[in-house]
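If you read the protein sequences in the order shown, they are chains A and B.
The first sequence begins at 1 in my numbering and counts up one residue at a time.
The second sequence begins at 1 in my numbering and counts up one residue at a time.
Please keep in mind that the hints were generated in silico from the structure rather than gathered at the bench.
Positions of the beta carbon are idealized from the N, C-alpha and C atoms, including for glycine.
Mixed in with the good hints, there may be bad ones.
Unchecked claim - FRET-style restraints, in silico, Cβ to Cβ:
1. B/Val53 - A/Ser300: 12 to 22 Å
2. B/Ala4 - A/Gly301: 37 to 47 Å
3. A/Gly249 - B/Ala4: 22 to 32 Å
4. B/Tyr141 - A/Lys221: 40 to 50 Å
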Amino acid sequence: MAQSSATLAGPADPFDRPAVRTARRVLLPVVVVLAVVFPFVFTNPATTSIAMFTLLYVGATSAWNMFSGYTGYMALGNAVFYGSGAYFFANITLHLHLTGGVGIFALVPVAGLFAGLVALPVGWLALRTRRHTFVVITIAIFFIFQLLAYNLHSLTNGSSGMALPIPPWDAQTYNTYFYLAALLVAVVAIVLSWAVRRSSFGLELLAIRDDEDRALGLGVKTTRVKLVTFVLNGAVTGMCGAIYAYYLGSIYPPFAFEAIFDVTVALMAFLGGLGTVSGPVIGALILEPVQQYITLRFTSGGLALITFGVLFLIVIRFLPDGIVPSLAATIRRRWTPRTGAAATPPAAGPPVGPPTVGQTVTVSRPGLTGGVSR
Amino acid sequence: MGTALTKAVVNGILTGGVYALMAAGLTLIFGVMEIINIAQGIFVVLAAYLSYVLQVHLGIDPLVGLVITMPVMFGVGVLIEWGFVRRLKAQNRSALSILVTFAVAIVIEGFLTQFFSADLKILKAWYVDRSVHVLGFYLPYIYLIGFVLAVVLLAALYLFLYRSRSGKSIRASVQNRAGAELIGININRVSAITFGIGAAVTAAGGMVFGATNSFNPNSGYDLISRLLVIVVLGGLGSIGGALVAAVVALVIEDVTAVLWSPVWASTMFFAVLIVVLLVRPNGLFGRAAVRAQ
Chain A
1 MAQSSATLAG PADPFDRPAV RTARRVLLPV VVVLAVVFPF VFTNPATTSI AMFTLLYVGA
61 TSAWNMFSGY TGYMALGNAV FYGSGAYFFA NITLHLHLTG GVGIFALVPV AGLFAGLVAL
121 PVGWLALRTR RHTFVVITIA IFFIFQLLAY NLHSLTNGSS GMALPIPPWD AQTYNTYFYL
181 AALLVAVVAI VLSWAVRRSS FGLELLAIRD DEDRALGLGV KTTRVKLVTF VLNGAVTGMC
241 GAIYAYYLGS IYPPFAFEAI FDVTVALMAF LGGLGTVSGP VIGALILEPV QQYITLRFTS
301 GGLALITFGV LFLIVIRFLP DGIVPSLAAT IRRRWTPRTG AAATPPAAGP PVGPPTVGQT
361 VTVSRPGLTG GVSR
Chain B
1 MGTALTKAVV NGILTGGVYA LMAAGLTLIF GVMEIINIAQ GIFVVLAAYL SYVLQVHLGI
61 DPLVGLVITM PVMFGVGVLI EWGFVRRLKA QNRSALSILV TFAVAIVIEG FLTQFFSADL
121 KILKAWYVDR SVHVLGFYLP YIYLIGFVLA VVLLAALYLF LYRSRSGKSI RASVQNRAGA
181 ELIGININRV SAITFGIGAA VTAAGGMVFG ATNSFNPNSG YDLISRLLVI VVLGGLGSIG
241 GALVAAVVAL VIEDVTAVLW SPVWASTMFF AVLIVVLLVR PNGLFGRAAV RAQ
C-alpha cells in the first residue's frame, strides 16, 4: 500500500508514473473490500481465527514501526501496552457489569487511550536514554509490568487471571465480529502510520533516526516528537490488546505481557521493511499465519518453540533488508532506464520523504531552520 | 529482625557475586561487539542442565563438573557467534543481534523443554544441604562456594584481560573496534573468544544458580531480565560497574524481602534501575553514548 510515500519520488521514479498511481488508487479500495468480505467467504472458524490474529498483528506491527521504524529507537517492550489495553478492557467490563456483545467494542478505543496514558511515563523515562540502553530499558520495563500483573491482585487477580464477558454469538459468526473489529484497528494503524510518514512530523522522526543531534540542532523538538509518537504507538497497541483479551475470554499475566510479542512485532517489521508503511503490514501478513499454524500444529511446547526460533533465525538470516525495500530497489533498477523521459516531474514542492536507511534526511520546512531550540 | 536483616545483607552480597559473574559475560560481549546477548539467560539455564545431566547420569559432582561444563559452554558461545552473530550485516547489526540471540534463546529453550520437560529440577550436593554457622545464622556452603567461585573467576578474567595478549586485543577492540582492526587485530577471532568467555562464565553461574534455585527451561527469562538490569545499572560495557550493580541490586532485593514482603522483592530490583536512571541515564559507571557514525 502507500508505497510511493515511502520511496524517493524522483522524476524518473517508476512508482510515480501515472499508470502506477491509477492502479494504486483502484487497487487499494479493492484490497479493503476483499478484506471486509473475507470472513463471509471463508467461514471456517480456524481460518477466520488465524485471519483475526493476523490483522491484530498488522495493527500492532504498524504501530511499533511508527515509532521504532521511523525514529530508529528499538523498543522491545510493546507488550506493556498490549497487556495494559487487555487488562484495562477486562477491568472496565467487569466493574461496569457489562455483558458480551457488539456494544462493548466501543470500549476498545478507551482501552487504547489508557494504554497511551501508560506510554506517557514509560516513554518519558525510557527516552532519556538512547541506543542500546534504550532497548534494555524497554525490556526491563516490560518485565516490571509482567511482575506487576502477577502482584497487583486487586487489578489483575494475579496468576488466576480475569474472565471477560462472553458474547452471545453462535460458533459460525463468532470470529467474524472480532475479525471486523481487528480489521478496523488495523486500518486505523495503517492510516495513522501513513499520515505520520507523509507529514513534516514524520520527516522530523526520520531526521532523528538519521542523526538525532543534527536534528536537534536544526530545531526539531526531539524529545516531544519522540514522546508523542511513542504514545501513539502505545495507544494503537493497547487497542489490539483489548480485542485480544475480549477474543480469548480470559486473560493471564503471561499472555497479556508476553516476551515473544515484543520480539515478534519487531521481526515482522524487519521482515517487511523497517520504516516503510507497507513493510510491517506485509511482514505481519506473512509471519503471523505461519506462527498461528505452528502453534496449532505442534501441541508439544518444545517443538513449537524450536520451530518458532528456527523460523526467526531463517527470516533474520535471509531477509535483513526487508521485502519492501528489496523489491522496490529491484523494480526501480529494472524500470528506470527505459522510462526516464516518460514520467512528468512532480507538480509542486520537494519530494516527500527519502526513505531508505542510510540516506540523510534534510528537513527543510519554513520556520524549522531557526536556532537550536534548547 | 536484626539477624534476619544481617542474613539478608550477607545473602545479597554472596549471590550478588554470582550474578556479577554472569553479568560480566554479558557486559563484556556488549563492550567488544556492541551487541546485547539476550541468550545469556538461557545459557545459565543450559549450563545448569549440563551440570544436572553430568550429576544424574555420570555421577559427577557439579563443582567438579565445571571442568567439563565450562569448556562446553565456551564452545557453545563460539559456535553461536560464528553461526549467527557474525553473519549479520553491518547495517542494523545491533538491532538484529538482539533478535538473533533471542531466537537462539527460544531454540535452546525449546530443546530443553523437549528433553527435560517443564518440570522443576535442582542440583544436589553435600555443600547444598549443609550449612555453616556465621553471625548467628546458618548459611549453606553453596553460597560461600558460589561467592568464592565468582571472585576467583572474575580475578582470572581480570588477569586475562589485562595481562595476556588476547586480553589486550579484546580491550583494544572495546576501545576502538575499527582502530583495533587497523593495527592487525583479528576482530572475528576476538569476537568469538569474547562470546566464548561470556558463555563459559555462565557455566559457573549456572551451577550455583541450579543448586540454589529450582529451575526449568522457562527460568531463562527471569535471569536475563535481572542480568540486563544489572548491566544497565552498572553502565553497559563496564565490568566493574556490573560487579557493584549486582551486589547493590541483590542486597536491596533481599533486604526488601525481609522488611516488606518477598512478593515485592523482585519488583524492587527493577525499581532500583528506574530510580538510578532518573538520576544517571547512562547507569552508575556508564560513559555517555557517543554520537553514532
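Hint check:
no.: 1; hint: B/Val53 - A/Ser300: 12 to 22 Å; in the structure: 21 Å, holds
no.: 2; hint: B/Ala4 - A/Gly301: 37 to 47 Å; in the structure: 39 Å, holds
no.: 3; hint: A/Gly249 - B/Ala4: 22 to 32 Å; in the structure: 44 Å, violated
no.: 4; hint: B/Tyr141 - A/Lys221: 40 to 50 Å; in the structure: 58 Å, violated
The structure is inconsistent with the numbered hints 3 and 4, although it conforms to all the rest.
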